[in-house]
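Colleague: Residue numbers (the numbering used here), protein chains in the order written: chain A, 1 to 592; chain B, 1 to 592.
Rather than coming from a laboratory, the hints here were simulated on the basis of the structure.
Glycine included, C-beta positions come from ideal geometry on N, C-alpha and C.
Check before you lean on any hint, since a few could be wrong.
Example chain A residues on the side facing chain B (calculated, C-beta under 8 angstroms, incomplete) [stated by the list, open to error]:
1) L4
2) K9
3) L11
4) K13
5) A15
6) G189
7) G204
8) L223
9) V309
10) P333
11) Y335
DSS-like mimics (lysine-lysine), calculated; alpha carbons at most 25 angstroms apart, straight line [said to hold, decoys possible]:
12) A:K268 with B:K271
13) A:K6 with B:K202
14) B:K261 with A:K271
15) B:K529 with B:K540
16) B:K346 with A:K271
17) A:K202 with B:K202
18) A:K2 with B:K163
19) B:K271 with A:K346
20) B:K2 with A:K202
21) A:K163 with B:K2
22) B:K9 with A:K163
23) B:K261 with A:K261
24) B:K583 with A:K9
25) B:K268 with A:K268
26) A:K202 with B:K462
27) A:K271 with B:K271
28) B:K163 with A:K9
29) B:K462 with B:K553
30) B:K261 with A:K9
Protein chains: 2
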Amino acid sequence: MKLLPKNKKALIKAAMGQIESDLLIKNIQLVNVITGEIYPANVYVHEGFIAHVEEGELKEETPLAKKIIDGKGSYLIPAFIDTHVHIESSMMTPRNFAKAIIPKGTTTIVTDPHEIANVFGVRGFRYMYDSSENLPMRQLLDIPSCVPSLPGLENNGATITAKEVEELAPLPRVIGLAEVMDYIGVINGDDRMLDIIDVAEKHGLYLQGHAPYLSGRGLSAYLCGGPNTCHESTTPGEALEKLRKGMFVDARNSSIARNVKEIWEGVKEVKFFDHFSFCTDDREADDILNDGHINDVVRYGIEQGMDPVTAIKSGTLNSARESHIENLGAIAPGYAADMIILDDLKTLIPKQVFFGGTLVAENDQLLVDIPDKAYPLEQENSVHIGDLKEEDFLIKVATKEKEVEVNILSYPLLDQPITTLESEILPVVDGHLSLAGRSDLQFVAVVNRYEDHSNIGLGIVKNFGSHCGALASTVSHDSHNLTIVYENPKDALLAALELKKSHGGMSAVKDGEVLHTLALPLAGLMSLKGAEELAIDSAKMKEANRALGLTIKNPLLRIVTLALPVIPDVKMSDLGLVDVLEKKLIPILKEK
Amino acid sequence: MKLLPKNKKALIKAAMGQIESDLLIKNIQLVNVITGEIYPANVYVHEGFIAHVEEGELKEETPLAKKIIDGKGSYLIPAFIDTHVHIESSMMTPRNFAKAIIPKGTTTIVTDPHEIANVFGVRGFRYMYDSSENLPMRQLLDIPSCVPSLPGLENNGATITAKEVEELAPLPRVIGLAEVMDYIGVINGDDRMLDIIDVAEKHGLYLQGHAPYLSGRGLSAYLCGGPNTCHESTTPGEALEKLRKGMFVDARNSSIARNVKEIWEGVKEVKFFDHFSFCTDDREADDILNDGHINDVVRYGIEQGMDPVTAIKSGTLNSARESHIENLGAIAPGYAADMIILDDLKTLIPKQVFFGGTLVAENDQLLVDIPDKAYPLEQENSVHIGDLKEEDFLIKVATKEKEVEVNILSYPLLDQPITTLESEILPVVDGHLSLAGRSDLQFVAVVNRYEDHSNIGLGIVKNFGSHCGALASTVSHDSHNLTIVYENPKDALLAALELKKSHGGMSAVKDGEVLHTLALPLAGLMSLKGAEELAIDSAKMKEANRALGLTIKNPLLRIVTLALPVIPDVKMSDLGLVDVLEKKLIPILKEK
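Go ahead and model the full structure; you've got the sequences and the hints to work with.
Modeller: Rendered as structure tokens:
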């Protein structure tokens with residue numbers, strides 16, 4: 001896509017010096033990410049675009065600009081671009097997300113509204129689109145490609161097919177097809193994915209990829225299928241192979257996954273970095289407030305040994321190219337005037353942030369008003385769970401045996417979402433399974449929360465981390481059903497009812513008492529609160545989780561992938577235990 | 001644009017190794033222009049695309065490929081791309097041009113059929129499009145943007161407006177708007193150019209630029225207007241400024257203009273070269289046969305000190321990116337399988353050339369058949385000149401004076417097309433100007449050769465180079481009228497009649513005798529002969545030119561810019577002497 005000025009003739013006149021420009025930033029050290037040079041310059045901006053760059057000391061006096069800012073020798077760099085982000089993971093609305101990240105110097109994000117699309121489908125997508133109109137930043141959207149992520153093995157709230165892609169592709173701020181997660185589908189040549197890719201290609205959308213651990217022929221096949229970016233590299237060798245095979249490697253530091261170090265380790269010896277960029281993927285409000293956004297990821301890259309200009313280019317120009325945005329990510333005539341003034345190319349703390357030539361933030365403070373707006377979807381309940389009873393949370397077994405061998409999912413590590421399939425011999429009490437005396441085991445229920453379904457998938461998890469009470473969440477990738485990990489049905493029911501009442505969110509219950517509920521009434525995923533307020537609420541929720549035994553750094557992130565049936569080896573869904581590798585359901589009772 | 005496989009499922013299967021690939025090139029040193037590395041690899045190709053790249057020694061044995069080529073440790077590089085070329089300047093048809101350049105390793109050219117469009121308009125464009133279908137190379141077309149180049153000051157055969165751009169843009173091999181030469185129009189905000197640019201942008205075409213000597217605010221304004229490439233840099237400072245301002249700098253070595261040395265001198269100290277590429281612009285048959293094509297330009301860049309891998313990237317991947325072609329110019333899965341096997345990264349002499357995985361040339365010999373095809377336009381006469389008489393070539397002056405002061409155009413240098421406006425006092429004999437005894441002066445006639453016009457512009461040129469006889473050409477940029485430089489009307493008429501008979505071309509006449517005529521019957525610009533035969537014919541024509549006194553290296557190129565009213569300071573057109581800078585006609589008699 002190309003960003004077009006509204007009045008090209010006026011822009012040309014401003015460039016020629018025939019009319020005053022809107023803005024002149026003089027006396028700065030320009031970081032030119034096209035040549036890799038840094039030199040003194042003065043930058044003219046008119047109606048959102050760079051009109052002219054004058055090198056050296058400012059010579060001419062008239063006509064200048066309506067507003068003149070003296071950079072006093074500070075650096076001027078392009079504003080940052082996030083190549084892949086799920087706004088929903090911040091638990092904020094697009095408007096509140098904008099308020100949080102603009103002061104950090106990110107003025108363009110390429111979002112994948114995949115989470116809300118699993119809840120509300122096209123309506124959810126359109127909410128993210130509509131509510132991000134006319135912001136003092138650029139929110140570009142990719143169309144979610146894998147909704148649901150695993151058809152047939154889980155039930156979510158909506159389906160996106162080639163037809164929906166066709167419907168959404170013409171929207172002006174839609175630029176790509178979002179992470180094609182079903183890489184198995186692609187490399188198997190499945191029609192579902194290839195049809196969606198075909199429509200996206202027909203509309204000129206770029207294809208964002210997602211290929212964790214894929215290598216060798218599988219990676220080649222995926223690239224032949226079309227998607228050619230990946231933000232899922234975690235090992236040095238994986239990153240290098242992807243780069244060599246022409247993939248755009250998005251080095252990610254999210255709230256969950258910090259992969260920049262390993263990726264850089266893998267690629268640092270190559271000569272060209274045109275295909276290297278940065279993304280945040282999922283970053284929570286408090287991490288944004290405390291650490292920053294893309295500036296934090298780029299800074300981390302520099303700490304790992306990246307040359308600052310190469311790192312800045314990777315967070316700006318490379319990102320624009322990867323996302324097929326023509327005139328963004330550099331400071332040159334005809335480019336969108338998104339820029340940052342800062343003093344240190346290593347810490348990357350913005351002094352002033354410009355979006356389209358407008359000063360939008362200064363010293364970490366937003367300077368422009370983003371008025372609150374109400375959208376019907378923000379008030380719509382998406383948590384449709386029926387009249388649950390305690391006994392719904394019991395795993396009944398039709399047997400006369402006193403004990404049975406059951407299939408369970410087990411976590412080898414507390415901070416990794418990878419699981420293994422194991423079995424345990426458990427007692428049967430009053431016709432249902434008992435976990436008495438086994439603090440390493442908890443029950444899991446995945447309660448479908450959508451109108452067309454009323455499934456509850458029940459199972460048992462080992463080494464989840466919590467030991468007592470109940471922990472519930474409607475943030476539960478990717479179908480976002482109500483997922484509850486619990487010691488006893490009573491607490492489970494209370495947690496479920498709590499989230500029914502709040503229209504979604506997270507809740508922790510212990511001994512019949514609600515420790516805390518983080519209400520996320522928008523799609524059961526997002527709060528309407530701003531970053532600061534949300535961070536406080538979120539901190540309380542983490543504390544409540546810790547009270548149940550979950551002591552990892554960010555306990556909120558444990559439950560949210562328990563029902564994500566694309567992470568090996570086994571996961572839960574509303575249909576029960578899922579064998580991720582074999583793509584099939586596993587019965588609770590182990591076959592003899 | 002993205003190059004799409006016909007059968008993506010088959011390509012994916014080949015990548016997976018589930019079916020045999022069409023081709024395996026094993027045991028090569030892969031020049032990876034994405035990372036800048038060189039390492040041992042094996043490359044699988046299926047149905048025109050790279051299916052898989054296996055690093056190191058070939059491990060697996062089955063299923064392999066229908067055809068296996070052992071690279072024996074030679075280098076494998078992407079095939080070359082020419083970012084800007086006028087096929088007409090080779091005087092060959094698109095099909096014969098293909099035959100000449102494929103053995104040199106160029107498999108993709110971005111052409112500007114600007115010359116034939118000045119003669120035949122859209123019909124000429126469509127001829128170039130149709131006759132380049134289904135070749136064993138990729139001829140992509142940009143739509144000429146400046147036809148005629150200077151409306152109102154010359155008459156050509158056709159006009160291209162926004163309407164014609166709209167008509168041609170949807171053609172599959174049309175990718176851009178060709179060199180926007182009227183940079184004055186752009187930076188003045190003229191509607192003609194901005195309307196054409198708007199239509200091109202609406203259709204997603206990229207905008208090829210042309211901005212000789214443009215700098216400072218003018219260059220910024222031009223970039224704000226949209227075009228962001230330039231192959232017209234001639235000085236080091238110009239090239240550096242363009243690169244810094246985000247322009248794609250095409251370093252050109254044509255038959256006429258060799259600018260690579262100066263351009264490299266200007267940019268060699270920068271850090272990133274993503275915006276640096278190569279082009280030939282205008283290259284004649286014998287230069288292609290003797291020196292090569294883009295491989296020759298890249299080789300020259302390396303001779304100037306460029307790192308070979310950076311230079312190869314500039315002639316492949318960078319060119320594709322500049323031209324908005326997504327999956328071309330690198331050897332990676334999903335990319336078009338255009339490749340060259342060669343032994344020396346400095347001389348760049350192809351051993352084997354592959355287009356879409358098909359071996360199309362080996363050791364400078366074309367291996368595939370490009371059948372001759374006939375097109376109606378090839379037989380259509382475009383030289384419509386009426387019944388000329390000797391006296392048409394006399395410059396009549398209505399005066400009783402014995403001498404008058406006249407405006408003339410003068411060449412300061414023999415090998416440069418730049419001119420100055422001068423005046424001379426000349427005798428009037430029998431009512432017309434006489435040049436008797438002035439071997440530095442010659443008459444010029446520009447005879448309109450199009451059906452709607454019958455103008456003859458007459459003038460006088462100083463230091464053209466020829467001293468006697470008549471030299472005529474229907475290759476006469478950009479309107480391609482019949483231009484004749486002559487000592488006496490008799491020889492001028494003979495030369496004109498000679499070209500009327502041949503339906504265009506070049507002719508040299510002396511003392512009532514035709515020294516040689518190079519027939520160019522296709523649009524008066526191109527021969528139907530192949531490169532070898534044409535080179536012989538062309539050599540004879542050069543010899544004949546030398547007999548008239550034109551002793552420069554390539555005398556054919558002198559006359560062809562005499563009527564090009566975009567090169568300062570003055571030029572001729574069928575309307576008379578043109579002031580290029582002031583954009584107005586100049587009377588022959590100097591005002592007193």
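Colleague: So, for every hint listed, does it hold in this structure?
Modeller: Cross-check of the supplied hints:
Given hint, L4 of chain A at the interface with chain B, holds; its Cβ is 7 angstroms from that chain's nearest Cβ, closer than 8 angstroms. Evaluation of the K9 of chain A hint against chain B yields a held restraint, the C-beta minimum of about 4 angstroms falling below 8 angstroms. Hint status for L11 of chain A relative to chain B: holds, with the closest Cβ pair at about 5 angstroms, below 8 angstroms. Taken as an interface hint, K13 of chain A checks out: its beta carbon lies about 7 angstroms from the nearest beta carbon of chain B, inside 8 angstroms.
Annotation: A15 of chain A was flagged as interfacial toward chain B, and the flag holds, the nearest CB pair being 4 angstroms apart, inside 8 angstroms. The restraint placing G189 of chain A at the interface with chain B holds, with a minimum CB-CB distance near 4 angstroms, inside the 8 angstroms limit. Below 8 angstroms, beta-carbon pairs count as interface contacts, and G204 of chain A has one with chain B at about 7 angstroms; its hint therefore holds. Of the supplied interface hints, the one on L223 of chain A holds, with its beta-carbon coming within about 4 angstroms of a beta-carbon of chain B, less than 8 angstroms.
Interface restraint check: V309 of chain A against chain B, minimum CB-CB distance 7 angstroms, threshold 8 angstroms, status holds. At a threshold of 8 angstroms, the smallest CB-CB gap from P333 of chain A to chain B is about 4 angstroms, leaving the interface hint in force. Because the beta carbon of Y335 of chain A sits about 6 angstroms from the nearest beta carbon in chain B, less than 8 angstroms, this interface hint is met. Among the hinted pairs, K268 of chain A with K271 of chain B is consistent with the structure: their alpha-carbon atoms are about 16 angstroms apart, no more than 25 angstroms.
With a C-alpha separation of about 14 angstroms, the suggested pairing of K6 of chain A with K202 of chain B holds against the 25 angstroms cut-off. A distance of roughly 24 angstroms separates the Cα atoms of K261 of chain B and K271 of chain A; the hinted pair therefore holds under the 25 angstroms criterion. Distance hint between K529 of chain B and K540 of chain B is fulfilled; the C-alpha atoms sit about 15 angstroms from each other, no more than 25 angstroms. At most 25 angstroms may separate the alpha-carbon atoms for a hinted pair to count; K346 of chain B and K271 of chain A meet this at roughly 19 angstroms.
Distance restraint check for K202 of chain A and K202 of chain B: the Cα-Cα separation of roughly 16 angstroms lies within the 25 angstroms cut-off, and the hinted pair is therefore satisfied. The suggested pairing of K2 of chain A with K163 of chain B holds, with an alpha-carbon distance near 22 angstroms, which does not exceed 25 angstroms. For the given pair, K271 of chain B sits about 19 angstroms from K346 of chain A by alpha-carbon distance, which is consistent with the 25 angstroms threshold. For the hint pairing K2 of chain B with K202 of chain A, the CA-to-CA distance comes to about 10 angstroms; that is within 25 angstroms, so the pair holds.
Proposed proximity of K163 of chain A and K2 of chain B is supported: the alpha carbons are some 22 angstroms apart, at most 25 angstroms. Using a Cα cut-off of 25 angstroms, the hinted pair K9 of chain B and K163 of chain A holds, with the two alpha carbons roughly 21 angstroms apart. For the proposed pair K261 of chain B and K261 of chain A, the alpha carbon gap of about 41 angstroms is over 25 angstroms, so the pair is violated. Restraint check for K583 of chain B and K9 of chain A: the C-alpha separation of about 21 angstroms stays at or below 25 angstroms, so the hint holds.
Note on K268 of chain B and K268 of chain A: the hinted pairing holds, with a Cα-Cα distance of about 23 angstroms set against a maximum of 25 angstroms. Simply put, K202 of chain A and K462 of chain B have alpha-carbon atoms about 57 angstroms apart, too far for the 25 angstroms limit, and the pair is violated. Of the supplied pair hints, the one linking K271 of chain A and K271 of chain B holds, its CA atoms being roughly 11 angstroms apart against a limit of 25 angstroms. A C-alpha spacing of about 21 angstroms is found between K163 of chain B and K9 of chain A, which places the hinted pair at or below 25 angstroms, so the restraint holds.
The hinted pair formed by K462 of chain B and K553 of chain B meets the criterion: a straight-line CA distance of about 19 angstroms does not exceed 25 angstroms. Distance restraint check for K261 of chain B and K9 of chain A: the Cα-Cα separation of roughly 36 angstroms exceeds the 25 angstroms cut-off, and the hinted pair is therefore not satisfied.
Checked against the numbered hints given earlier, the structure breaks hints 23, 26 and 30 and satisfies all the rest.
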